[in-house]
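Student: Please put together the full structure from these sequences, using the hints given.
Chains as they are written, first to last, in the numbering used here: chain R, 5 to 252; chain G, 10 to 84; chain P, 13 to 196; chain W, 12 to 365.
If you're looking for bench data, these hints aren't it; they were derived computationally from the structure. Fair warning: this is a prediction, and the values are worked out from it, not measured in the lab. A couple of the hints might just be wrong.
Derived DEER-like restraints, expressed as beta-carbon distance ranges [to be verified]: (1) R:M167 x P:E98: 30 to 36 Å; (2) R:Q135 x P:M13: 39 to 45 Å; (3) W:I226 x P:V114: 25 to 31 Å; (4) P:V114 x W:K233: 25 to 31 Å; (5) W:I226 x P:G134: 34 to 40 Å; (6) R:N204 x G:S44: 42 to 48 Å.
Not close to chain G: a few residues of chain R, all C-beta gaps over 10 Å, as computed [unchecked claim]: (7) H73; (8) N205; (9) V239.
Derived DSS-like pairs (lysine-lysine); straight-line CA-CA distance at most 30 Å [stated by the list, open to error]: (10) P:K171 x R:K234; (11) R:K222 x G:K33; (12) W:K302 x W:K312; (13) R:K192 x G:K12; (14) P:K170 x R:K222; (15) R:K17 x P:K107.
Every residue, glycine too, gets a C-beta built ideally from N, C-alpha and C.
Chain by chain, the residues run as shown.
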Amino acid sequence: MKLIYKKPDTITKRDTTYCPGCPHGIAHRLIAELLEEMDLVKKTVIVWPVGCSVFGYYFIATDAVEAAHGRACAMATGIKRTHPESFVISYQGDGDLASIGIAEAVHAAARGERITVVYINNGNYGMTGGQMAPTTLIGQITTTTPYGRKPELNGFPMHVPEMLAALDGPAYIARAALDSPQHIIQAKKFLRKAFNAQKNNLGFSLVEMISACPTNWKMTPVEAMERIRKEVLPVFPIGEFKVAKGVE
Amino acid sequence: MEKKVIINEERCKSCGLCVSVCPKHVLRISDRINSKGYHPAELFDNENCISCGFCYLICPDMAIEEVRRPEPVKK
Amino acid sequence: MEKKLVIAGFGGQGVMLAGELLAEAAKDEGKFVTFLPSYGPEMRGGTANCDVIVSDKPIASPVIAHPQAAIIMNLPSLDKFEPLMEKDGLLVLNKTLIPREVKRTDVRVLQIDAQTVARELGNEKATNMILLGAYAEVEKPVKLESLKNALKHFLTGKKEALIPLNEKALEKGAEIAREFLGGK
Amino acid sequence: MGEKVLMKGAEAIAEAAIRAGCMAFFGYPITPQNETPEYFSRRMPELGRVFLQAESEVAAINMVYGAACTGTRVITTSSSPGISLMQEGFSYIANSNVGCVVVNAMRGGPGLGDIAPAQADYFQATKGGGHGDYHSIVLAPHTIQETVDLMYDAFDLADKYRIMVVMLVDGLMGQMMEPVEFKEWVDVKKLKTPEWATVGQGDRDHRNIITSLEILPDGLEKMNLALQAKYKKIKENEVRLEEYKMDDAEYALTAFGTVARIAKTVVEMARADGIKLGLIRPITVWPFPEKEINKRADQVKFFFDVEMNEGQMLEDVKLAVNGKKPVHYYGRLGGVVPTAEEIYGEFKKLVGGK
Numbered sequence: 005m006k007l008i009y010k011k012p013d014t015i016t017k018r019d020t021t022y023c024p025g026c027p028h029g030i031a032h033r034l035i036a037e038l039l040e041e042m043d044l045v046k047k048t049v050i051v052w053p054v055g056c057s058v059f060g061y062y063f064i065a066t067d068a069v070e071a072a073h074g075r076a077c078a079m080a081t082g083i084k085r086t087h088p089e090s091f092v093i094s095y096q097g098d099g100d101l102a103s104i105g106i107a108e109a110v111h112a113a114a115r116g117e118r119i120t121v122v123y124i125n126n127g128n129y130g131m132t133g134g135q136m137a138p139t140t141l142i143g144q145i146t147t148t149t150p151y152g153r154k155p156e157l158n159g160f161p162m163h164v165p166e167m168l169a170a171l172d173g174p175a176y177i178a179r180a181a182l183d184s185p186q187h188i189i190q191a192k193k194f195l196r197k198a199f200n201a202q203k204n205n206l207g208f209s210l211v212e213m214i215s216a217c218p219t220n221w222k223m224t225p226v227e228a229m230e231r232i233r234k235e236v237l238p239v240f241p242i243g244e245f246k247v248a249k250g251v252e
Numbered sequence: 010m011e012k013k014v015i016i017n018e019e020r021c022k023s024c025g026l027c028v029s030v031c032p033k034h035v036l037r038i039s040d041r042i043n044s045k046g047y048h049p050a051e052l053f054d055n056e057n058c059i060s061c062g063f064c065y066l067i068c069p070d071m072a073i074e075e076v077r078r079p080e081p082v083k084k
Numbered sequence: 013m014e015k016k017l018v019i020a021g022f023g024g025q026g027v028m029l030a031g032e033l034l035a036e037a038a039k040d041e042g043k044f045v046t047f048l049p050s051y052g053p054e055m056r057g058g059t060a061n062c063d064v065i066v067s068d069k070p071i072a073s074p075v076i077a078h079p080q081a082a083i084i085m086n087l088p089s090l091d092k093f094e095p096l097m098e099k100d101g102l103l104v105l106n107k108t109l110i111p112r113e114v115k116r117t118d119v120r121v122l123q124i125d126a127q128t129v130a131r132e133l134g135n136e137k138a139t140n141m142i143l144l145g146a147y148a149e150v151e152k153p154v155k156l157e158s159l160k161n162a163l164k165h166f167l168t169g170k171k172e173a174l175i176p177l178n179e180k181a182l183e184k185g186a187e188i189a190r191e192f193l194g195g196k
Numbered sequence: 012m013g014e015k016v017l018m019k020g021a022e023a024i025a026e027a028a029i030r031a032g033c034m035a036f037f038g039y040p041i042t043p044q045n046e047t048p049e050y051f052s053r054r055m056p057e058l059g060r061v062f063l064q065a066e067s068e069v070a071a072i073n074m075v076y077g078a079a080c081t082g083t084r085v086i087t088t089s090s091s092p093g094i095s096l097m098q099e100g101f102s103y104i105a106n107s108n109v110g111c112v113v114v115n116a117m118r119g120g121p122g123l124g125d126i127a128p129a130q131a132d133y134f135q136a137t138k139g140g141g142h143g144d145y146h147s148i149v150l151a152p153h154t155i156q157e158t159v160d161l162m163y164d165a166f167d168l169a170d171k172y173r174i175m176v177v178m179l180v181d182g183l184m185g186q187m188m189e190p191v192e193f194k195e196w197v198d199v200k201k202l203k204t205p206e207w208a209t210v211g212q213g214d215r216d217h218r219n220i221i222t223s224l225e226i227l228p229d230g231l232e233k234m235n236l237a238l239q240a241k242y243k244k245i246k247e248n249e250v251r252l253e254e255y256k257m258d259d260a261e262y263a264l265t266a267f268g269t270v271a272r273i274a275k276t277v278v279e280m281a282r283a284d285g286i287k288l289g290l291i292r293p294i295t296v297w298p299f300p301e302k303e304i305n306k307r308a309d310q311v312k313f314f315f316d317v318e319m320n321e322g323q324m325l326e327d328v329k330l331a332v333n334g335k336k337p338v339h340y341y342g343r344l345g346g347v348v349p350t351a352e353e354i355y356g357e358f359k360k361l362v363g364g365k
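Tutor: Here is the structure:
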């Protein structure tokens, strides 16, 4: 028998603390696979955020630090600037990065920090119980938009890659989705380029990963993945927004 | 024949995503129950599995530990 | 009368709902009641437990150090609460997920293959109600009828359709408990 | 020791940090200490070290936090409103057991206040400031020379105890000029990445995780107790103070930082009048020299605490004296610096008929 896929060794034996069907685990696996394939495991420090992935270091076996809410890009900057030989990943959710940490994210991007941000967008604050996030869709019901998100009250969903792509600092910016095997294969391709951007010292890199939150969306995992395709991707289209030479 | 998909039943949370993406419908949620109270997914039709790995790709709990393909028979 | 109950299991097993239902029923009967939840950060899969005290008199501390009774829905919770039980306390166990026997010999143990029973009734999510029904039948903090009546506070809207199932689960639990009591 | 050079305090702070082996600066401009980051911005690149102007104090302290996790000697400098913004980071740094140096050139508050010298951040610096049960070592130098000398100690303490060390100075010290002498350069080649640093696992047989999170109360209590044990050790070993003309003193002034310097003049004025006045000047305001002050309470008739705030260190002095003798207080607020004459006048009122 030929091995087609094998769970990466960098994924620990510990069961994840995520809800059934939560795509955080998919993103974790993609990171672990690429770190192994690119021989980066021993150089890597992952900055974990506040949110459902706060215990991420339980699941990916690399050096790790735990940032305050929204401060992962600043902390990653501190590590990378003082230890440029380390491979530094900031793993952040949409509340963490696009709301409380938007300043840190934008400025890290503008400075062209040699860090890679994995940005998980599931359209709400998962850990705290499904409140509105900057990425919540218009009309979407959350625990703090019980009547649906209304532009006149809550403004519009934020498109982080599109915003960051306007800056000169980033070397690679893309949006992928974790809803289907095909999109997951593509997400890995994007993430590989983002890792290359750092590895080849080209600049800041970020991959947004459109994710689901079946529990707070009050859907089955399968329904949640369908909702991504039907409702989320039309608002947050998949694609590469900035591709510097040398990330391939 | 050896199993083409190796599932760690203790890790499975019965989310059903692997079942939903399997193009050959060879996976299902079993009657068994793991220590967390979930019914793990199982490969019930090994023969018709094409080792595409879709289940591995979508599994959020890394419960699908291996996907293997039989070597072509030498003539 | 003062009844101190701990309910413990994984998040998502309905630990809190069972505790809140008991509290609601006790309030409906005009009793004093406190409900104190404690859970991990995860929405699902983490550990969760709650302390419920039902009394004829005003309740001072809502914290239970040594439960008179505990509904235990998974193995880690048995490991945690077994040593804390009061002597002669009652352990109501979800045997489906608890592969080991109780070590203590000075407590009462009611083992129910509750998840399997719930499945036979039509929905595994009613496991909590089977265990709660059993507990209520043995310890009688409130009437079974009050628990059934309280369901309407929690199962509203689309979930209203689940009331008959949950009523059945409470009754089934009570029935199993009666066999347990009769068999003694 | 080298030659004496005339330097502005704000610049001497930066030069001292650089010589003490500081490898990275992250900060955000704020008056009255802008000369410090500006000096770093010139010198750090010359030496191949890191200077980064952050987008905010919030970002700056978290960059410091990240750098501290790599075991690098790192500093930020700011002034009161900026320090307020950093409190969250301070708290995380405390419970992560990483070391750094933070300079607070205090200005008048609350709110935007003014840019004049003040000492109103004493509570914030010594009692925690951010959330949770924690302390930082707080050094309160009273001359530029002392600031420069203490900067070396600040980095040593930060490394030794894996703790944040605050240099609590004020705008007056930052702006004034004075000749200073610098100690030998710390050989930065000898500063190794510590074993616990998160820089990638490399050849280690285990991975390093730095976190202030522990979700189980029992576990977090243990973390807290470990912190408290560390603080106890610091209290036992690191208290520093200067007792100025206290040997025969019948009265004791208590003051820190800039005010302590003015208080020395007051001591001289009293002595000239034949009054036996001395000064107790805590150099570490946390840990506070409780025992030493308590001992002096058996000797003096009363204490006279003088500060540029509404009696913040006064509370620690009173706790130390523990009712043995009266503790009087005089202070100016909002950035007003008291003169020696003014303080002496207040003192004479207390002494009475003499």
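Student: State for each hint whether it applies.
Tutor: Here is how each hint holds up against the structure:
Checked against the hint of 30 to 36 Å, the pair M167 (chain R) and E98 (chain P) fails, with Cβ atoms roughly 59 Å apart. Under the hint 39 to 45 Å, the C-beta atoms of Q135 (chain R) and M13 (chain P), about 41 Å apart, fit the expected range. At roughly 28 Å, the beta-carbon separation of I226 (chain W) and V114 (chain P) lies within the given 25 to 31 Å, and the hint holds. At roughly 29 Å, the beta carbons of V114 (chain P) and K233 (chain W) sit within the given window of 25 to 31 Å.
As the Cβ distance of I226 (chain W) to G134 (chain P) is approximately 36 Å, the hint placing it in 34 to 40 Å holds. Checking the proposed 42 to 48 Å range against N204 (chain R) and S44 (chain G) shows it holds: the Cβ atoms sit about 45 Å from each other. Even its closest Cβ contact with chain G, about 24 Å, leaves H73 (chain R) beyond 10 Å, as expected for a residue assigned away from the interface. Every CB of chain G lies more than 10 Å from the CB of N205 (chain R), the least distance being 31 Å, so the non-interface label holds.
Taking the minimum C-beta to C-beta distance to chain G, about 22 Å, the non-interface status of V239 (chain R) holds against the 10 Å cut. Pair hint K171 (chain P) plus K234 (chain R) holds up; C-alpha atoms about 26 Å apart against a cutoff of 30 Å. Restraint check: the Cα-Cα separation between K222 (chain R) and K33 (chain G) comes to about 28 Å, which is no more than 30 Å; the hinted pair holds. Of the supplied pair hints, the one linking K302 (chain W) and K312 (chain W) holds, its CA atoms being roughly 17 Å apart against a limit of 30 Å.
Taking the CA atoms of K192 (chain R) and K12 (chain G), the gap is about 26 Å. The hint holds against a cut of 30 Å. About 12 Å separates the Cα atoms of K170 (chain P) and K222 (chain R), which keeps this hinted pair within 30 Å; it holds. A C-alpha spacing of about 26 Å is found between K17 (chain R) and K107 (chain P), which places the hinted pair at or below 30 Å, so the restraint holds.
Violated hints amount to a single one, hint 1; each of the other numbered hints is respected by the structure.
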